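Fit chain U to the known structure of chain E by using the hints.
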Amino acid sequence: MDFALTDEQRMLDETLTRLVADKVSFEQRRHMRNDSKAGADNALWQTFAELGLLHMPFSESVGGLNGDGTDLMIILQALGRGLVPQPYLFGLVLPGQLLALTASAEQQTRWLDPLLGGEHQLALAWQEVAARNDAKGITTTARRENDHWRLTGQKTLVMNLESAAATLITAKLDSGKLGLFVVPAASAGASGFDYRTMDEQSAGDLTLQDVELSNDHCLSENVEGALDEVLAIGRAGLCAQALGAMESACDQTLSYLKERKQFGQTLASFQTLSHRMVDMHLHLEQSRSMTILAATSLSLSCEERDYRIAAAKAYCGESARFIAEQAIQLHGAMGMTDECPIASVARHLVMFDHYLGDTDFHLETVSDRLDAA
Amino acid sequence: MNLTFTAEEQRFRTEVRQFLVDALPGDIQERVRLGRHLRADDHLRWQNLLSRQGWLAAHWPVEHGGPGWGPVQRHIFDEECAAAHAPTVVPFGVTMVAPVLMKFGTAEQQARYLPRILDNRDWWCQGYSEPGAGSDLASLTTRAVRENDHYIVNGQKTWTTLGQHANMLFCLVRTDPAAKKQAGISFLLIDMQTPGITVRPIITLDGAHEVNEVFLDNVRVPVENRVSDEGQGWTCAKFLLTHERTGIAGLGHAKQALRHLKSLAKRIEHRGKPLLEQPSFRQRVVKAELELMALEVTNLRVIAAARDGGAPGAESSLLKVRGSELRQELSELTRRALGPAAVAFFPEFLYGDEPLDESYATSAAASAQYFNRRKLSIYGGANEIQKSIVAKTILGM
Chain E
12 MDFALTDEQR MLDETLTRLV ADKVSFEQRR HMRNDSKAGA DNALWQTFAE LGLLHMPFSE
72 SVGGLNGDGT DLMIILQALG RGLVPQPYLF GLVLPGQLLA LTASAEQQTR WLDPLLGGEH
132 QLALAWQEVA ARNDAKGITT TARRENDHWR LTGQKTLVMN LESAAATLIT AKLDSGKLGL
192 FVVPAASAGA SGFDYRTMDE QSAGDLTLQD VELSNDHCLS ENVEGALDEV LAIGRAGLCA
252 QALGAMESAC DQTLSYLKER KQFGQTLASF QTLSHRMVDM HLHLEQSRSM TILAATSLSL
312 SCEERDYRIA AAKAYCGESA RFIAEQAIQL HGAMGMTDEC PIASVARHLV MFDHYLGDTD
372 FHLETVSDRL DAA
Chain U
595 MNLTFTAEEQ RFRTEVRQFL VDALPGDIQE RVRLGRHLRA DDHLRWQNLL SRQGWLAAHW
655 PVEHGGPGWG PVQRHIFDEE CAAAHAPTVV PFGVTMVAPV LMKFGTAEQQ ARYLPRILDN
715 RDWWCQGYSE PGAGSDLASL TTRAVRENDH YIVNGQKTWT TLGQHANMLF CLVRTDPAAK
775 KQAGISFLLI DMQTPGITVR PIITLDGAHE VNEVFLDNVR VPVENRVSDE GQGWTCAKFL
835 LTHERTGIAG LGHAKQALRH LKSLAKRIEH RGKPLLEQPS FRQRVVKAEL ELMALEVTNL
895 RVIAAARDGG APGAESSLLK VRGSELRQEL SELTRRALGP AAVAFFPEFL YGDEPLDESY
955 ATSAAASAQY FNRRKLSIYG GANEIQKSIV AKTILGM
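The listed protein sequences derive, respectively, from chains E and U. Each residue of the first sequence is one higher than the last, beginning at 12 in my numbering. Each residue of the second sequence is one higher than the last, beginning at 595 in my numbering.
Excised from the complex, chain E in its bound form (with noise of 0.2 Å):
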């Protein structure tokens, strides 16, 4: 049982804290926003792969620097306190993890080995309207013809597919296994629709049809596995870019408790908002019990894996939701102006829900499994 951080992980926090003070201020991601350099080749993301952060959380096998759940969890934490805009977790760990764990030689070195060098970003589409969050009961299909495949279906919710130079997608199989294919940006028959999202992320949705593959862009024929594998990191480092950001949402909250006065005298000295204040911060430690749970399960058994993912993943899903409503109720109607830097991160807070399944999606996998826990 140990909670301390390894040397280099202090100094991997200390790099990407610093890091992230200087170049993500409020007004500078204000102005990301609008940048037209997005994707790989943004400055940002440049210095990540200088930095070593785009190798970071894969393995040695795939030329990674093998970092464990709490690296990851380090950099995404890191990245969520000061609402880092770029697609860490969509753009590079799940679409890579899943080629890591996939990927023959010759795709590895097509797909995954400029990823890494942050030549390019990818995205995941796993995603479909009707099937909500599951990942199995999807309507894509792909079909084998000679020496090719083709693909139809509709995916939604693609974070990162503006700037992907390509999509993984899954797709169900005649043998009714579930494949993943790489599809390329611009494949003939492929068509994005790009959006923001309330959370100003970028997405997109994507339709395939008849989109023609040759074999080599065929990842796997059974890829349920890998996909929970993938989802369950990701999943954890959702939680952990949430926590960054609630701690943040609590820091400016307290701040302005200490500042701003009325009736003669600083909200911080009327209990009823002290106390208030107090429950962000209990919902904050549980939630950071909770992202540790998750960031120290990845080496586990699926079964218990998943569970205990599941579990964190609903807990930090309600504690950001509280988080939010109160920065916003403390704030008062500064609260509700876009100006107001509480704005940005109370918006992620009640998104992040929605991302990779929510707390009823994953309060049904704990309450399943709930007898034998």
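Please keep in mind that the hints were generated in silico from the structure rather than gathered at the bench. Treat the numbers as computed from the prediction; the structure is a model and nothing was measured. Every residue gets a Cβ at the ideal spot worked out from N, C-alpha and C, and that includes glycine. A few of these clues could be false.
Stated by the list, open to error - Think about it this way: if two alpha-carbon atoms lie no more than 27 Å apart in a straight line, the pair counts; the simulated DSSO-like pairs of lysine-lysine are: (1) Lys-867(U) to Lys-881(U); (2) Lys-269(E) to Lys-986(U); (3) Lys-272(E) to Lys-986(U); (4) Lys-986(U) to Lys-775(U).
As the list claims (entries may be wrong) - Simulated DEER-style distance windows between Cβ atoms: (5) Asn-77(E) to Thr-598(U): 16 to 26 Å; (6) Lys-986(U) to Glu-211(E): 28 to 38 Å; (7) Thr-598(U) to Lys-147(E): 29 to 39 Å; (8) Gly-200(E) to Arg-853(U): 53 to 63 Å; (9) Val-615(U) to Glu-117(E): 54 to 64 Å; (10) Thr-598(U) to Met-209(E): 35 to 45 Å; (11) Thr-277(E) to Asp-730(U): 18 to 28 Å; (12) Glu-211(E) to Gly-664(U): 44 to 54 Å; (13) Glu-117(E) to Arg-865(U): 53 to 63 Å; (14) Lys-147(E) to Asp-621(U): 46 to 56 Å; (15) Gly-904(U) to Asn-226(E): 57 to 67 Å; (16) Ile-972(U) to Gln-340(E): 24 to 34 Å; (17) Ser-310(E) to Ala-677(U): 24 to 34 Å; (18) Gln-877(U) to Asn-157(E): 48 to 58 Å.
Relative to the frame of chain E, chain U by itself:
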């Protein structure tokens, strides 16, 4: 980071578990399991067994006769005891007054009282709260006036847990009414046999006699029974409140309560299916499970910090608030799980020695315990006080 116990810690867990299997008397275990009150003799029998094993004074350093355990071992011990339905050690001597004596007592006081705590010759109780001094403890008015080599003590203490069995009382008294309120308080050790002491039961809303009022009427206490200097009583009291509170969440009890709830809800049928499959009930159990998972990791974080030399300060307030809320929710769910069976009340069985048919016995304690657990968010500093501590010391508000 990792959440796993070392091989040595796991061996320790096995050793504790085996000891509990071998040593815990079946009749005591059964009383705890059914939620029945223990008689004074039950407490003493169990504590004598622990004492013989060298495990009674879990917090004590080796030189005073403790087992030399760290916070991790104490945590494991508490968990295993709760899981085995072992009684909780009555804390007032071994975990409350003893650390104060070790820190502030004279060599004579230590030599006189510590061995008597270690072999259960003395049963201590606490004289802190008064009718007019609850959360605002420092406003206490029990007065001690110096008369040669004695103090003459007059006043009233309340919420004195198990005072009906005790022969010793540690007591906060006001020695200087002119001083600032914390500065006028002293810490006295009082023999309950001294003339002028009356103990009167308080029956709580669960029908139980657990706490008492203690009246002190011209009670003569030798000056050598004062711990630390005159006016230093508040320092002793504060030390006690921050000393080793890593177990304050009651995690072992919460785990045991959740296990019990789940097995109950699997056994009890609702429309031909186990109650645990009823969606709205199951959802509340799931939420409790999540809260327990979070609380356990938070508790382990505090334990690891204590092990590595940090003192658990205000973090223990977080554990107390969340731990008490969870245990109260579990007592509520247990009562609800039993449904109609939770309504009948058998105080002579729960608090006395009357037998009760097995079909009633297993559910008899649920509602009483629900009401009893209300105390968790009130005693030891109400949860609202805990929140004010967090606001002040962690958040700087």
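Outcome of the hint check:
1. Lys-867(U) to Lys-881(U): Given that 27 Å is the threshold and the Cα spacing comes to 21 Å, the pair holds.
2. Lys-269(E) to Lys-986(U): Holds: Lys-269(E) and Lys-986(U) sit about 12 Å apart, inside 27 Å.
3. Lys-272(E) to Lys-986(U): Cα-Cα ~18 Å, so holds.
4. Lys-986(U) to Lys-775(U): At roughly 20 Å apart (the allowed maximum being 27 Å), Lys-775(U) and Lys-986(U) satisfy the hint.
5. Asn-77(E) to Thr-598(U): 16 to 26 Å: For Thr-598(U) against Asn-77(E), whose Cβ atoms are near 20 Å apart, the range 16 to 26 Å holds.
6. Lys-986(U) to Glu-211(E): 28 to 38 Å: Holds - the Cβ-Cβ distance for Lys-986(U) and Glu-211(E), about 36 Å, lies within 28 to 38 Å.
7. Thr-598(U) to Lys-147(E): 29 to 39 Å: holds, 31 Å
8. Gly-200(E) to Arg-853(U): 53 to 63 Å: holds, 56 Å
9. Val-615(U) to Glu-117(E): 54 to 64 Å: Hint holds: Cβ distance 60 Å, inside 54 to 64 Å.
10. Thr-598(U) to Met-209(E): 35 to 45 Å: holds, 39 Å
11. Thr-277(E) to Asp-730(U): 18 to 28 Å: Holds, since Thr-277(E) and Asp-730(U) (Cβ atoms, about 24 Å apart) stay within the stated range.
12. Glu-211(E) to Gly-664(U): 44 to 54 Å: holds, 47 Å
13. Glu-117(E) to Arg-865(U): 53 to 63 Å: holds, 59 Å
14. Lys-147(E) to Asp-621(U): 46 to 56 Å: With Cβ atoms ~54 Å apart, the hint holds.
15. Gly-904(U) to Asn-226(E): 57 to 67 Å: Taking Cβ atoms as reference, Gly-904(U) and Asn-226(E) lie about 58 Å apart, which means the hint holds.
16. Ile-972(U) to Gln-340(E): 24 to 34 Å: The hinted range 24 to 34 Å holds for Ile-972(U) and Gln-340(E), with Cβ atoms some 28 Å apart.
17. Ser-310(E) to Ala-677(U): 24 to 34 Å: holds, 27 Å
18. Gln-877(U) to Asn-157(E): 48 to 58 Å: holds, 51 Å
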